[in-house]
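Spelled out, the chains give:
2 protein chains.
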Amino acid sequence: MSADVLNDRESNAKRAKLSENSNEALDLRSQQEEEVTIHRKADLNLSAIKFVRILNDSPLNKSVFVEGLYNGEKVVIIFEKTPFSEASVKQLLERGDNSLKQHFHNDIYGDYTTFPNPELNGLKTTIIHPATEKHIEKYSAQQLFLIEESAEDYANITLPYIESTPLSIDWVYNILEHKSETDRIIFEDPDPELGFILLPDLKWNGQQTNDLYLVAICHKRNIKSLRDLNQQHLPLLRNIQKKGTEAISKKYDLKPSELRIYVHYQPSFYHLHIHFTALFDAPGSRVERAHLLSTIINNIELYGDYYQKSRLTFAVRKNDALFAKFEELKKFDT
Amino acid sequence: MSADVLNDRESNAKRAKLSENSNEALDLRSQQEEEVTIHRKADLNLSAIKFVRILNDSPLNKSVFVEGLYNGEKVVIIFEKTPFSEASVKQLLERGDNSLKQHFHNDIYGDYTTFPNPELNGLKTTIIHPATEKHIEKYSAQQLFLIEESAEDYANITLPYIESTPLSIDWVYNILEHKSETDRIIFEDPDPELGFILLPDLKWNGQQTNDLYLVAICHKRNIKSLRDLNQQHLPLLRNIQKKGTEAISKKYDLKPSELRIYVHYQPSFYHLHIHFTALFDAPGSRVERAHLLSTIINNIELYGDYYQKSRLTFAVRKNDALFAKFEELKKFDT
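Residue numbers (UniProt numbering), protein chains in the order written: chain A, 1 to 334; chain B, 1 to 334.
I should point out that these hints are in silico values taken from the structure, not numbers from a laboratory. All values reported here derive from a predicted model rather than from experimental measurement. Don't take each hint at face value.
Example chain B residues on the side facing chain A (calculated, C-beta under 8 Å, incomplete) [said to hold, decoys possible]:
1) 39
2) 66
3) 79
4) 95
5) 118
6) 128
7) 262
8) 313
Cβ pair distances, simulated, as ranges [what the hints assert, rightly or not]:
9) A:328 - B:174: 43 to 53 Å
10) A:309 - B:85: 41 to 51 Å
11) B:156 - A:160: 39 to 49 Å
12) A:42 - B:327: 52 to 62 Å
13) A:91 - B:222: 52 to 62 Å
14) A:60 - B:71: 31 to 41 Å
15) B:319 - A:91: 28 to 38 Å
16) B:318 - A:60: 17 to 27 Å
17) A:107 - B:85: 24 to 34 Å
18) B:185 - A:150: 33 to 43 Å
19) A:301 - B:319: 24 to 34 Å
20) B:91 - A:95: 16 to 26 Å
The beta carbon of each residue, even a glycine, is placed where N, CA and C say it ideally should be.
Pulled out of the complex, with its shape left as it was, chain A reads as follows:
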């Protein structure tokens, strides 16, 4: 199972939108947030969460998605082991208190387990509470399919689907309005037409640049996705490309040629945002989901209506509402 389409908090919001009583659910969540959300509990211990089941896991990434219960409510926990840094490796070698166990050796090769001190070996932990059935569904393993979407398919299937789903991307507006995560902002250009906020993606722990992952969220609010982009957006796209790379170069000492800059189609939420990652195997950077900003600018410069005319191929999970729409409205080869 590809991790490419699994790992975004954005999708949670999108899926929450699909829930039948979404307004009610949202009200309920806000109320609960004030009162009983796990995130406000002092001295939270994991033993307060009851294990229910493994939803999915990625042995390659060393991550696991877990369903749990907290005070009778659903919780999703994502554990992910963290990458090494030079500093953490140096400490592993220099501190004499890490125990080492040999399993076998053969000629020059020896196989061991090291048991580092906890502070050298933390687990990145994301907790979603209260979680809905949609969150559980999102993080469960699901088969993927590719859909080739024509301009007509977009008009007849995808766009009505997007417009019929009540928006619930408050967390995006919280960021844009400086109500949340203000201290996480790396760079902001406040211009309402060309501006954006750049901040670390939740998938990145911010410690080492070899898996750097930032997201630029544009201030302009009416751009749903790649499909909306045309010549009038070139100044915005070029501004994000230029100022985003400058900010990253200044803060993290990575040059533009050391960055993969791209958007997703389908995105996990329909407000234009651009991913900036180091050249590691980032989730969502495969060809069926990622579109390089350099390619987007090239395409629009050459052909202003490229994204209105083109067929675009993307991956959907079998349980996605959009997959069901394509199956329902169009002869589809699955």
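With chain A fixed as given, assemble chain B onto it according to the hints.
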């Protein structure tokens, strides 16, 4: 560091060349093993090994390759974090002695670090001692950069580079002429203009379809890469798309929507070939190297000279000859 450009049969051949003097080195190692190898030391502690440098690391896999010194001799250490199991997750939740630190929360999402007890969070550790220069080279990273190649760059830099490099793709012609790997052919259309041979890629063991990986090599010999493709090639591309997916559906029971079909730019050899993979995290399927066949056909249908006019972004390793050419002939931001 991305594995995407490291994993091809070409590279294997290159690596094999590096081990020409390995017999001599092996004799030496056996002798040393009897005497001073680290693996025979009782109560080995990592602090006995002096840190020299990080050779390579994989943030995706959470692994790192380290050069060290032990008694004045070179050591390579490979640390790799281990996947989660249901048992380890249950213990993480059930044991009350794992500390948890909150970094921030926003609505229902909270970001934490868990510090598990060491015995729940061991590191797989491989130690190679004594290590030779060949080991150091084998485990060293080569930095990747993205290059945005304009039509002029292609004409002035890339094309002369391709044409000046002595071709050594006899193995491709051996396949096309039925001199090698004949028994591996899954499907052949022998037409000299539209035809191709479909066979498993070396990276696939042919056993299970969740990591299916096949390659279609076209019979026509004058198509170097994506840059050469135009309207006259649409029949060839559509033929490979149609007959390739039919053959895979028949033999492996995977539908077209369960396949990622793409070419590489830059390719690892300059004779048109098309990758067919299942929707797993295949090496070389990231956006900076892979171009979906569906997108290529779309682009050429809409704009016949798309690949002659466009800027194309691709990844190169620092030691690649093509990287050197771009550095030499063009102002480059590294």
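Hints versus structure:
Hint status for residue 39 (chain B): holds, given a least beta-carbon distance of 4 Å to chain A, under 8 Å. A hinted interface residue such as residue 66 (chain B) counts as satisfied when its beta carbon comes closer than 8 Å to some beta carbon of chain A; here the least separation is about 6 Å, so the hint holds. A distance limit of 8 Å between C-beta atoms decides the matter here; for residue 79 (chain B) the minimum to chain A is near 6 Å, and the interface restraint holds. Of the supplied interface hints, the one on residue 95 (chain B) holds, with its beta-carbon coming within about 7 Å of a beta-carbon of chain A, less than 8 Å.
Interface hint status for residue 118 (chain B): upheld, as the beta-carbon distance to the closest one in chain A is roughly 4 Å, under 8 Å. With its C-beta approaching chain A no nearer than about 5 Å, residue 128 (chain B) sits inside the 8 Å limit, and its interface hint holds. Interface hint status for residue 262 (chain B): upheld, as the beta-carbon distance to the closest one in chain A is roughly 6 Å, under 8 Å. Because the closest C-beta pair between residue 313 (chain B) and chain A is about 5 Å apart, less than 8 Å, the hint holds.
Taken as a hint, the range 43 to 53 Å holds for the pair residue 328 (chain A) and residue 174 (chain B), whose Cβ atoms sit roughly 49 Å apart. The hinted window of 41 to 51 Å between residue 309 (chain A) and residue 85 (chain B) holds, with their beta carbons roughly 49 Å apart. Between residue 156 (chain B) and residue 160 (chain A) the CB atoms are about 48 Å apart, so this pair conforms to the stated range of 39 to 49 Å. In this structure the hint that residue 42 (chain A) and residue 327 (chain B) lie 52 to 62 Å apart at CB holds, the actual value being about 55 Å.
About 57 Å separates the C-beta atoms of residue 91 (chain A) and residue 222 (chain B), a value consistent with the hinted range of 52 to 62 Å. A hinted range of 31 to 41 Å for the beta carbons of residue 60 (chain A) and residue 71 (chain B) is consistent with their spacing of about 36 Å. Range check, residue 319 (chain B) to residue 91 (chain A): Cβ separation about 31 Å, and the 28 to 38 Å hint holds. The given range of 17 to 27 Å is respected by residue 318 (chain B) and residue 60 (chain A), whose C-beta atoms sit roughly 26 Å from each other.
Between residue 107 (chain A) and residue 85 (chain B), the C-beta spacing of about 30 Å keeps the proposed range 24 to 34 Å intact. Here the CB-CB span from residue 185 (chain B) to residue 150 (chain A) is close to 34 Å, well matched to the stated 33 to 43 Å. Checked against the given bound of 24 to 34 Å, the beta carbons of residue 301 (chain A) and residue 319 (chain B), roughly 32 Å apart, stay inside it. Judged by the Cβ atoms, the range 16 to 26 Å given for residue 91 (chain B) and residue 95 (chain A) holds: they are separated by roughly 25 Å.
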